[in-house]
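Undergrad: Chain residues, written in single-letter form:
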Amino acid sequence: IPNSIVVNPNLVALGEKLFNEPRMSNNNISCASCHNYNLAGSDGLKTSKNIQGGNDLMNTPTIFNVGLNPLLTWFGRNLTLEEQIDKVLANKKHMDGNWVDILNRLKKDSSYTKLFNQEFSDGLTRNNVKHAIASFERTLITPDSPFDNYLRGDTKAISNNQIEGFKLFKLYGCISCHQGINVGGNLHAKLGTFTSPFKKDNNTEKSRFNRGLFNLTNDERDLHVFRVPSLRNVAVTAPYFHSGAIKDLSKAVKFMAKYQTGRQISDNDAQLIADFLASLTGQYQGKTIISQYDTKGSL
Amino acid sequence: MNIKKTFHIFVGILAGATLYTLYSYSLIDQQQHFDITKNILTFKENDLILNQSIIQNQTELHKNFDKISLSQKNTDASLARLNEKLRPYIAYDSTLENDMSHLFTLHHEKNLLVSHYKRSAALNKFTKQYLPNAFNELITSINISDDIDTASKRLLSIKTNKLNIEMNRYIAGYQHDELKLKKMSSTIQQQATELFGEDTRSIMLLSRYIVKVIETNHQKHMFVEQIQNVNINEQLHAVQQQYTFLFNNKNQDAIKYKNLLFTASMVLLIYLLFVFTRLQSTSSNLKETLTDLKFRRMALDKHAIVSITDVTGNITYVNQKFCDISQYTQAELLEQNHRIVKSDYHDSHFYKEMWKTIASGNIWQGEICNRAKDGTAYWVATTLIPRINDKGKPYEYIGIRTNITEQKNSELEIKALARFPIENPEPVMRIDKSGKVIFSNDAAKILVDYWNIKKYTYIPDEWKQKINDVLIKNKTQESEICVGAYDYLLTFTPVSESNYVNLYGRDITEKKRAEDSLSYQANHDQLTGLVNRYAFERELKNALTSATRNDKQHILLYIDLDQFKIVNDTCGHVAGDELLCQLSNMMLSIFRENDTLARLGGDEFGVLLLNCNLEMGKKIAKKLLHLVNQYRLIWNKQQFKIGASIGMVEINKDSDSIVGILGKADIACYAAKDAGRNQIKIYDSSDSDSAQRHSELQWASQIPKALSENRFQLMVQTILPLNNNLEPHYEILLRMLDQNGNIISPGSFIPAAERYNLMSAIDHWVVVHVFEFLNTYAENNNHKNLPNLAINLSGESMGSEELLAYIRAQFEIGIVPPENICFEITETAAISNFNKAICFINSLKEIGCSFALDDFGSGLSSFSYLKSLPVDYLKIDGVFVKGMIDDPIDAAMVNSINEVGHIMKIKTIAEFVENAEIMNALTTLGVDYAQGYHIDKPMLLAEKFATTATEKIKQVG
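Going down the list, the sequences are from chains W and G. Counting in the working numbering, the first sequence runs without a single skipped number right up to 495 at its last residue. Counting in the working numbering, the second sequence runs without a single skipped number right up to 959 at its last residue.
Hint data in this document are derived by calculation from the structure and do not stem from the laboratory. A couple of the hints might just be wrong.
Stated by the list, open to error - Straight-line C-alpha distance at most 25 Å; calculated PhoX-like pairs for lysine-lysine:
#  : chain 1 : residue 1 : chain 2 : residue 2
1  : G       : Lys-65    : W       : Lys-363
2  : W       : Lys-396   : W       : Lys-454
3  : G       : Lys-869   : G       : Lys-847
4  : W       : Lys-386   : G       : Lys-184
5  : W       : Lys-386   : G       : Lys-847
6  : W       : Lys-386   : G       : Lys-69
7  : G       : Lys-447   : W       : Lys-366
8  : W       : Lys-454   : G       : Lys-214
9  : W       : Lys-366   : G       : Lys-435
10 : W       : Lys-283   : G       : Lys-214
11 : W       : Lys-366   : G       : Lys-417
12 : G       : Lys-417   : W       : Lys-386
13 : G       : Lys-417   : G       : Lys-447
14 : W       : Lys-454   : G       : Lys-65
15 : W       : Lys-363   : G       : Lys-69
16 : G       : Lys-393   : G       : Lys-375
17 : G       : Lys-214   : W       : Lys-395
18 : G       : Lys-214   : W       : Lys-386
19 : G       : Lys-214   : W       : Lys-363
20 : G       : Lys-214   : W       : Lys-396
Okay, chain G solo, but in the shape it has when bound (with noise of 0.2 Å):
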């Protein structure tokens, strides 16, 4: 670029030094013609005043040289003058040169003869005028002469008058011969001293003089003559002439260039309208780069934040994505520093390093927190790029951002984030394929040293294998692991599309202790340390899984201790507790490995004999039998000796179930009980009937059975108000009837419903039949004059999902409105699953439904947690009720409990009102409900409400 410059100035200079020679040849100076000229003229005019002056002064009209001095001093200047014109010629022509050296050899030659001349002239002039003088002198000098005779000063007086007459013509220029006067003049001296000797002045100085003048006057003459000659003139006029030759040349000379200098402006016009169209085209694909790049500065503005700062960091230009992330308007930041929007975000190393690397030359890029106007941070990529000016120094910078401010924050929190492994308290590891630890957090060292690696090498091969199983089956697993004193739960989660997995620990250690203490307690009897019923009956599930699958033989022993409660009885708990924990010891030490042994409750034990036969069997069970009778207890110097009625049944491929098989046992073990006690009985079917009556078993196993053949009855009891402003309700009663259809009263299948958790099922019953009564009742009556029934229900019924689905379900049918409904349920019941019976409480109640705590009283009987439980009805233990009359504190209890449940807004109800002076009673207390034998007994649902409840209210009043 520069080269290329730096050629079109010199192009540029050439043309212009061409076109100016060109002109400056082309002119013809007429001036400078028009001196020399003039000065050929003048030194002419000069050299003619100087003869003139010379004649002048000859024929002495000029007395003295000034004249001739003036003139030669005039032709000295004009022709050095001339000299000085013509050097421009005489410097290219020599011939000019040799006529003008030869003119100023004739002029210095003229100069000379002048000088010459004037000497003569002088001394001419001089003797001349002293001549007369001298004559007077020598003719005084003759005359005043004594010495001499007359004659001889006569002569001498004549001779020198004659002299002095053609001396006086000679001066005059009449007499030319010189040579005449000089002999005459000799002849006076050669006389004059023949007369007075050679002394005489007079006559010697006479002589001299003429001597003189006539040399003075013949050099004078010599010398105007010589001057005459030099031909100044004739020189002058070669010298004219070639001078006028030599213009004329350059006259023509000069006719050539101005046409050359034509033509090269013509070459030049031509050129430059060449250069102008060419520059046309260049403006225009100018324009273009311009519309680029201003489209292209455009897309930057776009992107970018841009600003251009001078080197001290001053704005001179801003786009408008600066303005909008800097909150300032671009006016606000020209002129500015850039230091306006700085953040203290970075240290004075971060700028002093960016300033040092633009300041020389070089580009910086990095990423800098700035403030914005409202203080508010923000973060951008930035690009520091320097102009650079001809001395390689940098004169502005221009700054390229883009906002980074949600990255940075992202990255911010992603490095926080990124912490988190790290930070985990418990371990976290990161497993490659091969088993290589790539991460592994601080937590992680317990892991790390048990297993004596570090990052980077592999874990033990036996965990090497379960991250390939991990990685194949791409499913979390998890491992316990037990370093030392602690347990640690490992998660192996797989990432396989990244082939490693993630291994998170958690100390577990508490929480297995927990667990295993737990389970030690759930498995086992807190008493003895065997097995409970829970357990056993899982073991004993197991030994039915294997009899059934592979045809294995196991044997169940079914003990009851006998006189067993004569030790409590007569020692009390403490005692018998002592007996079974002896008894339990002891017995453990009888049975195989794979034996289980299990108190199954109060006095009774099972033993569960695995791949046992019959024969086995029988030989433990009286080994087991002879151990019992062996043992004694001592307690207060008491001797007690106790048996054991053993109940043998085997389990084989035809058992049915645990209940069963655990019925079977208990059978045999009444058996062996009712054939006289401390015996041992096999199970023999055709002794079941005899025991099936007293056995809640029996209960249990008829109640599914009952259920499904509906062979359950529900009946009602009204709840009559006290208070006339309520309505009656009727509490819904269940009864059983046996295959037989004899009635089975609740007190007897109830409590074995409970033991063996058949509630639920028979709430459900109890509820179903109920709605389908209502829906019926309701169809049949118009939906008018429906019945404010309550029902029972378990603690077991309260945490039945399915439970409440179903009674909501049917609410949402819409026939039965829920404020007809209200559940009864014991205060032990809802404390023993409390948050549970809360949920469902309010579930229901927040349709409209109401509930009634039942037994109040007997039970845990707190106040306090009355308060929690949102009941509407508090149904006053029948207890109280029946001894009211009779027991003051039971009629205290009656009243404050009524009290209490007035002052907690709860309607009360009383029960087994069996006579009138009882519901007198009541009534003046002010108890709100009454139910019981005196007022209404329990009659079925059906024939109850087969006429109005208005009616059957009116029969009993």
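Looking at chain W on its own, in the form it has when it is part of the complex (with noise of 0.2 Å):
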């Protein structure tokens, strides 16, 4: 992972003020009331805030490192960052924005026009914004975990155990997929190699989330199929998989053995796991990512 990346400041700068802009939807919520970036890029709770301020069914995934990750969102979908913007934007249950109402809006604030007609020659226009949101996210990744280190050479950047965990991550195989500069998200997987941790399928909204893939292709192979997730962060990102179940990473590790790799771990090794992947947890602007998810004894 990148130490840092090539920006223009002052279109990132523009891009935070965006993330952090209410006036992107039409109830004064923005990026960062789900992706606060201050804390680990996420919520925190088991699954988001819908804009109506009811519960959605699926998890807050981490705005951290996204722009390593070729698949975007819980299902995978093969995207850039302005076109998930878009989506995120048009959705009735997160942003519920439309880009006449969001431009009239921001068009009303002059310090915006003033920047946008620096940044560009188009001045403010429903690209550029999401230009610079994303251009924005870019900069939020999270370099000099301790495994970076390791893999640099530092071998004491990491305790034993965890070197004892990467080890078993890699044994079970783990890292089959969870791999890549991520550590993860740039494939598919079918959630349940062997047998199939869903219970029937009894066409409720929640039933039609465990279908995964499934919803956009409509392929019976992408059956419950979800896009491998980035470990980065991982042991700050509580809760854990789409649906938010499991709050407790080692026991997350187990649930993933059980169901991806056919195989019951014993609770030593899948704690030796969870350590190491600690190990994966970064810096933002030189600060150790912190959860804002209080789950005692998880890291």
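Both chains are given apart, each in its own frame, so use the hints to dock them into the complex.
TA: Pasting the structure below:
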């Protein structure tokens, strides 16, 4: 993971302003309302709050390192960040905004028109707003995790337990999917390789979400297929899975082992792997990411 | 104009747009072409990299999917970019659109396959990796199992190992018989199950993994194969070909458009040339128009006072005439408000109205009084024209004026003049031909009321006729009209060209009264109220005219009262007057209406009986005589009886003149007196001789005759200077000769001449003959020693212009010097004609004549008159001189007159110097001259100056 990326600081600042801009939705919520990048880039809730204040049925994924993810959302859409911003804004449950209203609201603020005119030849437009936000999002990276430092040769960067956990991570084949720069996030996988964790599909909304990628492709092969999430900062982004069903990381590890590798692993192994995963927690602007989710002894 | 302008702009825009369109079409965006080509290549390259990374992943050169994912993202991006770049072509070419959409489908398909590949590859990798552990676990679990025999264990172990080897070979790609592997796996599973029972997890796990490995391996390869089969390259090639085709087409089009552009440019150029030429001609027209306009403006400037102001009245332009009249310079006026020339003549309402008019865009016309720099007012007839902008609002005002100060002043003057008839205190009217009143002033109200008319109504008919008459004759006429107590003189002045008559009234009430009284006084005797001599003579003249012309017969009675003198002498004038009055009234009662009774003087009366024969006359005369005889005047208890002598004469066609008639009547009257009084005598020519001697009338009739026959002689008497420094003068005296050559003294004929107004004729004769004498004398004596002559003039003569003219003419001849002539006038004559006398004296004194005041002391003798009469000599009345030796009062008179004369620088002359005693006394008193029998007796002028004057004086001395 790169320590820094080359960006236009003015554009990023504008993006950050927009990221925190409640006028982007029609009910006073901003991107940062759910993706709190001062903490772990998420909301710490089991499932997200929807715009009406009710509970959504999917967990909010962290915004950190999103720029390094080829696939976005739990379903693993092959989208650019800009495209994803469009989707979130238009979603009735999320931002419920339409561009005409959003642009009108922004244009009333002379500071925006001024900033946009500085950055873009065509001023305040839909594409430029998306571009600014995406540019900001790409800066939300968390380099310098202990594991990164370990890989760079700092053998003291992680504890023995963590080294042990890493070995188990490889041994049990976790690494087959959770691989690459973001330790995941670049492929799909079926939840339940050998046995399905899902109960009978009773066609409730929850069940429909459990269908995963199938919802998008209608392809039998995509039933219960989800994106393999990145494991960076996983220790601070509980609760876990698309439904936020599991709050404890070692339990999540055990859950993964059971359904993905078809094997029971010991609590000790699970804990070691969880320890290892904690070494993937990086830093944002020089500060280690901290969780907003209060789980006792989860770290 | 506006439509035309809009049209031109439209055409211009159209031409511009056409040129631009052609230009843009003619351009070939090389950059775009380059980008597209580059993007095709990039996409191709990225796709190749993707393929490459998949192969690399498959052969496990890469352990993670980052590169594949990155390649996928890159292909996504480069395809999106390519699509973006090709959009202009896709928009109008369906083939390319289809090709591209097919390319997208293929790409999507490939992405899906890659995604599936990744899933399979991940599972394959994970199962494969764990497979050795699974074998180990199984073998370990076999080995540690106590329940089964060693042989079975060994067999199972061998089989397991064999499977392990086979699996390794499979994974390595040397073993392809998947069925065999599955069979081996299921055999092992079966045997293991037999040995360890159902719940052996390790064998279950292993067999599951083996199945998964084989399955995913299979899938992996299948996906790779399918990925390879997705022929993106070929489709991309199709896109590229189509694009190239389109690009070439466009290129060719561009050339066409270039040609078109060239043609259009040429057309435009030709059009511009045409426009330019037309503009040239327009501009020359414009120049002409401009010259014309300049000329017109010059003409306007020469004629009118022009200024231009903005909407607030600030001056932006003034011409020279404006400067001339306002006396400001152009620099002083520009930027100034027009108020600078405002006068106080008009009120604010006037200006308010003016501004209201022009601000609403209307033209204002009127006359304004302005004020020049030096404060003098001037009048201008002004036209203010607002200039309107596109919005219909005025933005400046042009003022054109002409100087009408003179007209205005004369207009005011005319207005004032026009008030003359209105203000006239006398009636003024204007009446048209039909008798209608067109104009009447206030003073005419009295006439208007009298005639009971109004303006524009008709005057009474009798006056209408007058109007007509006046217009026809075209001559001013006058009429008198009596309106109540007032008399008016109406002057009708015809204005024939306008066919009306101006009527000027004049209140002549006072004059009329004065006139009436004057004429009464002039014609009547003040005492008796009877007609006086003057009026009577007029009546007589009328009667004579009617008698001679119309053969009428009239009678004249001449009445002289007898014994009247007794009444006067015994009872005084008052009684005499009373008698005359009473008798007059009585006499009047007996005459007919047409008869005239007149008092001719003293106790003499005349009666004119018109249309009366002798018989009738006798009757009336008798009646009259009887009446007078009957009359008694009672005065102071005394009775007076009087009688009358009546002369009667017939007036008929043979009568000669009034004088003759009166003379005859007078003679008849004398005859009656001679015959013993209280009688009536009819004139008889035989009676005339006896009476002739006694009558002044006789002289009066003799004088004109004597004048014409030159029966007058000029005498001369020396006026001797008592002071030796002075020269002697000679007073001219006159005597008349009767028909028999007898000398008649002036005392006899002068009173008659005065009474019958013959003095001026006598004076004229004297003057003429004196000058004749002097002229002859001057000729004979070589113009030397001309005597100083004094000529007597009567008061009547001093009013005679003819005489004055004659005298002046004589002096102008130059023979007689005016210094040699002195005129003697009596105090009475000078004063009775005072003004004329002063004029006469002054005009002759001016030339050099001198004047002497005659008989001073006996008449009015007023020194105050003397003061105002510019005379040179005072002649002291002989009465005082004669008595000065015996009477001290006379001596004092002579002395005081002499003294006053000297004080006034007037020389004094004493008359009637009859002896040496008187002469000595005069010399002692210092009187300047002396005249009288003691010095010289009057002698004929011709004889006197037959010898020289000096000799004569010596003889006297």
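Undergrad: Does each hint hold? Answer for all of them.
TA: So, going through the hints one by one against the coordinates:
1. Lys-65(G) <-> Lys-363(W): Given pair Lys-65(G), Lys-363(W) holds - Cα atoms ~16 Å apart, limit 25 Å.
2. Lys-396(W) <-> Lys-454(W): holds (19 Å)
3. Lys-869(G) <-> Lys-847(G): Answer holds: Lys-869(G) to Lys-847(G) is near 16 Å, not above 25 Å.
4. Lys-386(W) <-> Lys-184(G): holds (24 Å)
5. Lys-386(W) <-> Lys-847(G): Between Lys-386(W) and Lys-847(G) the Cα gap is close to 169 Å, so the pair fails against 25 Å, i.e. violated.
6. Lys-386(W) <-> Lys-69(G): Holds, because 22 Å separates the two Cα atoms, which is no more than 25 Å.
7. Lys-447(G) <-> Lys-366(W): With Cα atoms ~147 Å apart, Lys-447(G) and Lys-366(W) exceed 25 Å; violated.
8. Lys-454(W) <-> Lys-214(G): With Cα atoms ~16 Å apart, Lys-454(W) and Lys-214(G) stay inside 25 Å; holds.
9. Lys-366(W) <-> Lys-435(G): The hint is violated at about 148 Å.
10. Lys-283(W) <-> Lys-214(G): Judged against 25 Å, a Cα distance of about 37 Å means the pair is violated.
11. Lys-366(W) <-> Lys-417(G): violated (132 Å)
12. Lys-417(G) <-> Lys-386(W): violated (123 Å)
13. Lys-417(G) <-> Lys-447(G): holds (22 Å)
14. Lys-454(W) <-> Lys-65(G): With a Cα-Cα distance of about 24 Å, the restraint between Lys-454(W) and Lys-65(G) holds, given a limit of 25 Å.
15. Lys-363(W) <-> Lys-69(G): Holds: Lys-363(W) and Lys-69(G) sit about 24 Å apart, inside 25 Å.
16. Lys-393(G) <-> Lys-375(G): Not satisfied, since the Cα-Cα distance of roughly 37 Å exceeds 25 Å.
17. Lys-214(G) <-> Lys-395(W): holds (23 Å)
18. Lys-214(G) <-> Lys-386(W): Holds. Lys-214(G) to Lys-386(W) sits at ~13 Å (cutoff 25 Å).
19. Lys-214(G) <-> Lys-363(W): holds (23 Å)
20. Lys-214(G) <-> Lys-396(W): holds (24 Å)
Checked against the numbered hints above, the structure violates hints 5, 7, 9, 10, 11, 12 and 16; every other hint is satisfied.
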